[in-house]
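Chemist: Here's the letter readout for the chains.
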Amino acid sequence: MDFNDSPEEAAFREQAKTWLANAAAKHQGSGGGRRPNTPEHMAAAKAWQAEKAGAGFACITWPKEWGGGGGTALQQVIFNQEEAKAGVNYGYFTIGLGMCVPTVMAFANDETKQRFVGPAVKGEEIWCQLFSEPAGGSDVAAARTKAVRDGDEWVINGQKVWTTGAQYCDYGIVLVRTDPDVPKHKGLTMFWIDMHDPGVEVRPIHQMSGGSEFNEVYFTDLRVKDSQRLGEVGAGWKVALVTLMNERLAVGGSSGPNYNEIMKLARELRGVDGPAIKDAAFRERLADWYVQSEGLKFTRFRTMTALSRGQTPGPESSIGKIIAANQMQDLGNVGMEMEDQYGIITDPKLSPMEAAFQQSLMWAPGLRIAGGTDEILKNIIAERVLGLPGDVRVDKDVAFKDMPTGR
Amino acid sequence: MNFDYSDDQKFLKEEARKFLAARCSTAAVRKVLDNDDVSHDAELWKGVAEQGWLGAAIPEEHGGLGLGHVELCVIAEELGRAVAPIPFASTVYFLAEAVMAAGSAEQKADYLPRIAAGELIGCFATSEGPGPVTPASLSASVQDGKLTGVKIPVTDGDIADVCLVLANEAGKPGLFVVDLKASGVSRETLKTMDPTRGVARITFSGAPATRLGAAGEGFAITEQVFDRAAVLLAFEQLGGADACLAMAKEYALERYAFGRVIASYQAIKHKLADIYVKNEIARSNAYYGAWALNTGAAELPIAAAAARVAASDAFWFASKENIQTHGGMGFTWDVDCHLFYRRSRQLSLVAGAPKVWKERLVSQLERRNAA
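Taken in order, these protein sequences are the chains called A and B. Counting the first sequence from 1 gives a position; this note's numbering is that position plus 925. Counting the second sequence from 1 gives a position; this note's numbering is that position plus 230.
Bound conformation, chain B alone (with noise of 0.2 Å):
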């Protein structure tokens, strides 16, 4: 049985983690939360290519490190734990993800290096409106390879090179990838709920719109996507519940109440261990996820709803009881319990929210039992 980090993977994480210590304290992620004019972290985002995080999972040939996608799991729990305010999730998770997944050849030559070597931010573009995103849900749409149509909200929308849409095409979904620096593109930064990652309302008005992957087939393959960015923010989800189980440990371990430490109250305690069984389930459920993905299993759909659920599960939870543990100090500004609060609504939200994904996980549960 291998089921675990190897050697390797451990001494990464560990950089990994030194790293960011060392770039991107709470302090530093603050520096982008109070400034409404800075939507991400450009010299923590400069630095992560350097390390060469950006493309971890990408092909040697194409300018990555060709690590694999196990690396890259590694690398998005340290981000996670960081609160690491940069485009990585949308440019790496879902951009390359979906390049290498469903891009042609040319499409993976020309975006691929330079997503590699950070000089390319992306982002996904499938929301119009609140509710779920469905293929009824669709309003853009594209003739002629020009787009036309609203999608809000567009996390890191504001800020990137390349998006790639969602979008009709002869009344079916297609995936289309947008240059926002051409002509028929206008753009609006959107307050959300998570200042620390940029989020943006994106208008496409007969915008240059390039096709990803096969006519008609936009649906399924954003599925895809979605699958392999599930598990990937599920790492991020993680280490930003192991983070807060951390705080709240430290916190409780220091404060006096009573004439003794809260963490000899059972009270906490038990909440402390409740945090601690959801974080060791979402760690089981986004290792297997790892696995499905790195492999390219055809379990990755029922592994990638697991994991998701698990870790939207674990992190909501950590966060909001990592502030209780806090006290009235953990409702203030200045103490750091809100920026994980913060993170934990828009790692849930990012992919589709939690219900979706339980739902999307029995479906497939039932098909995996009518096999």
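Chain A with its partners taken away, still in its complex shape (with noise of 0.2 Å):
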């Protein structure tokens, strides 16, 4: 038991760093900030994935045919590591890569993947991925978006919810209704679709964390070739399965203060009764905060090691974002009212750490909730991991158009 690479792992470690320090430094613009979509940040992105998918450092698992690396999923894991360390990563194609464009080379005839799949890679074409509604977060296969036939092509109408990047991207992969006279499940189809048709329209969204980095996205006669389809008619279901199957893993953990940052603030500010950090009721929850965030380190050490080993890991990853969310959540609140009354300034002028506690308190919600709610990602590990029964359906054998709907 130990945290060593083995030769081949530490041979592929020594070629990355390499590679990193050098094209690192001739790099132009920072890969600081998730996602901030200005026109520098954008080019910055695009210019260092094309350098990346040069030298074969981009989809390091796929096949070297589609502008992969050929590489196995341990070696991307220390990529993403080493890319980390030099500060290079940016967020604009982590969805696109890790789940549309996946489920287009699972699924589209070859002139499309001809087409698409390298531009991707490249970083030239940007993917998001439709799927969430109004009236399905969790429940996704209730999608109510609608697609009808008409001679070759079909006719969208609709609106869908939470597309992360639809402002900046230039395709993405819709889940419709095809069929509402048969049960919900059967009647979905998956489309590839063109972001910057006239036929769609991305609004974005004010979160109450005060930010935009989510859209609502509405169809009005889009109008798509049946070779955009993504699958049999009628087997969106199943493709999409293939898409959120690498969700969990495109949805990055938290970002924001850790047990660390809490530490260092406990020690500037005062307590009651002399520094924060002597305070015995804040020490305790400190150690939890610390066991609960090595404790998920070392487990995704457990999964590299499985990884390491040629086994597969399985959905035991999803402990992480439950652990993650709910700290951060925890977290900014335990620091700001530390700051006692002054924790209710947001400036980040004047607040302690540019106001991150604060911040941290207003993201938390939305990260309970994205890639999978904190009580789906139980449901996920009650019957995946534990093989405990799924839950009684109302829906499995009514025709969609037949189901309740409430509000």
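Keep in mind the hints are simulated off the structure, nothing from the lab. Glycine included, every Cβ here is placed at the ideal spot set by N, Cα and C. Where hints are given, some of them may not hold.
Said to hold, decoys possible - Beyond 10 Å from chain A on every Cβ pair, some chain B residues (computed):
hint : residue
1    : R260
2    : A279
3    : E280
4    : P289
5    : E291
6    : H292
7    : E336
8    : E358
9    : T378
10   : A400
11   : G436
12   : E447
13   : R485
14   : A493
15   : S514
16   : L579
Unchecked claim - Which residues of chain A face chain B? A few of them, derived with a C-beta cut under 10 Å, are:
hint : residue
17   : Y1184
18   : A1205
19   : L1302
Using the hints, put the two standalone chains together into the complex.
Modeler: Written as structure tokens, this is what we have:
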């Protein structure tokens, strides 16, 4: 039991490090910020992605013929670690390359693959995933956006929501209802669409956190060719499962302060009696956060070990987001309470650590929901890890159009 | 990355599980639980010695198997799963580890082979009353090689041959080895939350005592021994927590209420998922502790504290929610849930309560950050 790379892993890490040191030094622009989407940041991100693709470090696990690196999942993890250390990781491509393009590769015809895979790998075109709807968040299969066949085309009308990056994406994969007369899982079909089509309207969502990272996407008589279909008519749910399988890997961990930063804050702040860090209740919480976040780190190491030994890691990784998101919320709140009355201030010029704790508090509710709510993730653990039965379903044998919908 | 048991260690784990399934069923554990005159399973103790487990981490030159501490962790996990009613922790995690960490060449040659052979049961006496053990909490003292004082509670103190005692000498804490069969020792078995483990009050009145380690270093050595034991105890807790999850799952899958198995209700599914998450976090922290213990890493104090905090939390949570999942049946004497509930308390308290370990963890982090 140790943390050492195998000789092959060590060789790959060395190779990645050497390449990164050289390429990162030449790279113009910083990798800072999640997805600020300024023209300069986007241009730098695209240039970096092209650089990686040229060296076989973009999409390391994909076959070389598709522009990938022909490598292993563990090599991808190693590269990600080294890339993060080099400070040049950008967030724009994660969903497209992690979820959408693999779906295209699995279900599109050759012509489509030839046209789209290469440019996506090189960062020339960015993809988004259009699944969630106002009426179906956790229940993705309840999608109401409909597509009606018209000769060799389909006409799409409806609305998607919570689409990350829709404002800068070029293409997307969209799950739509093509048959409302059959039970919900059986009447869905998947298409790829051009996000620049006039039938597509992107409206940013004003989030409770103040920002607008997510969007609503409206389709008004959007016409797509039947050749844009991914998988069979009515087989959209099967296709979506392939996409979603990759989601837990694509949704990143939390940013924001961790146990180290709150410890720093506690050392600097005054408590009721001496420095805040001397408060016994705070120290207990701190120990819990340490144990959780180190526990997650070592759980990731166990996952890497499974990869290294040629095993497939299971849905165990579902525990990561549950813990990280809840800890972010707790830590934000305790940080604010430690500042006492002053904690209500969110002005980064006045608030300790540029209001990082206040920002965590306002972001955490989103993280607890995005990419599978706490509750859905617990269902996944219960059903796929522990093997407990699925819920009793009242919607399985009912035609979609007859399903009760409420609001 | 190689952060998991090796194939050999997994094989050992399987073998240990099979051995304990045959020799340490809960029916066997209940023989100790239900009989006030018996405080351990002597047959099982003999069997465990024959397997070589007592000497798994003891070097071959001292009669052990010299396998290493990860192997000992593997065994500990299985002992915890089986709620084994034997003085394994007292003898191996405390006495043998203390002798290996701080004993003289003579002490190692004297004690380790006898421990490995199953000829000697040990125990560790630090507490003298309610509240955490600190240098200020000690009244027991040694003068001219004679120990006087009262230690309570001493796990396995009623059956042990040798006791490691934390006591003052010339006003400073020292660690001493005392032969419990010698004169000047009286002991009495106490009633405890977990009757599958014996506990005693030991009164020393001028009992001959030999120092282990340097004079005045007793508290520091005790902390070192606790660090090592904490990792091993964490594996017992992990095994117990895992057993609770398996038990709760099995019951939930066969119990029907309102026309369906209770495992299909989200209230139960989410409860079991919560147990699973805590168990995984405990396992990952315990593995880090195993690595630090096995390699003698400088990170051991932090790793041990994190392992103990995570495993104490996981076992407590799993053991109480296992009862809850069993409903009324879980509250009966006949269903095994309470064996784990009791053992979870025993393991959380025996080397100092989690609250104390959380404080140790944070002070270690402060020290690390200051460095």
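Chemist: All hints, please: hold or fail.
Modeler: How the hints compare with the structure:
Distance to chain A confirms B/R260 as a non-interface residue, since its nearest Cβ pair spans about 28 Å, more than 10 Å. No beta-carbon of chain A comes within 10 Å of the beta-carbon of B/A279; the shortest separation is about 26 Å. Chain A leaves B/E280 outside its interface by the beta-carbon criterion, the shortest separation being 27 Å against a cut-off of 10 Å. B/P289, annotated as away from the interface, keeps every beta carbon of chain A farther than 10 Å; the closest lies near 19 Å.
No beta-carbon of chain A comes within 10 Å of the beta-carbon of B/E291; the shortest separation is about 24 Å. No Cβ of chain A approaches the Cβ of B/H292 within 10 Å, the least distance being about 23 Å, so the stated non-interface status holds. A cut-off of 10 Å between C-beta atoms confirms that B/E336 is not in contact with chain A; the least separation is 33 Å. No Cβ of chain A comes within 10 Å of the Cβ of B/E358; the nearest lies about 23 Å off, and the non-interface call holds.
Listed as a non-interface residue, B/T378 keeps its Cβ farther than 10 Å from every Cβ of chain A; the least gap is roughly 35 Å. Non-interface status of B/A400 relative to chain A is upheld: no Cβ of that chain comes within 10 Å, the nearest being about 33 Å off. Here B/G436 stays apart from chain A, with its beta-carbon at least about 40 Å from theirs, past the 10 Å limit. With 10 Å as the threshold on Cβ separation, the claim that B/E447 sits away from chain A holds: the shortest Cβ distance comes to roughly 27 Å.
The claim that B/R485 lies off the interface holds: its Cβ sits roughly 12 Å from the closest Cβ of chain A, which is beyond the 10 Å cut-off. The Cβ of B/A493 does not lie farther than 10 Å from every Cβ of chain A; its closest approach is about 4 Å, which violates its non-interface assignment. For B/S514, the requirement that its beta carbon stay farther than 10 Å from each beta carbon of chain A is not met, with the minimum near 4 Å. Every CB of chain A lies more than 10 Å from the CB of B/L579, the least distance being 17 Å, so the non-interface label holds.
Taken as an interface hint, A/Y1184 checks out: its beta carbon lies about 8 Å from the nearest beta carbon of chain B, inside 10 Å. Contact between A/A1205 and chain B, as hinted, is supported at the beta carbon level, the nearest pair being about 8 Å apart and thus within 10 Å. Taking 10 Å as the C-beta cut-off, the interface hint given for A/L1302 holds, the closest approach to chain B being about 8 Å.
When held up to the earlier numbered hints, the structure conflicts with 14 and 15 and fits the remainder.
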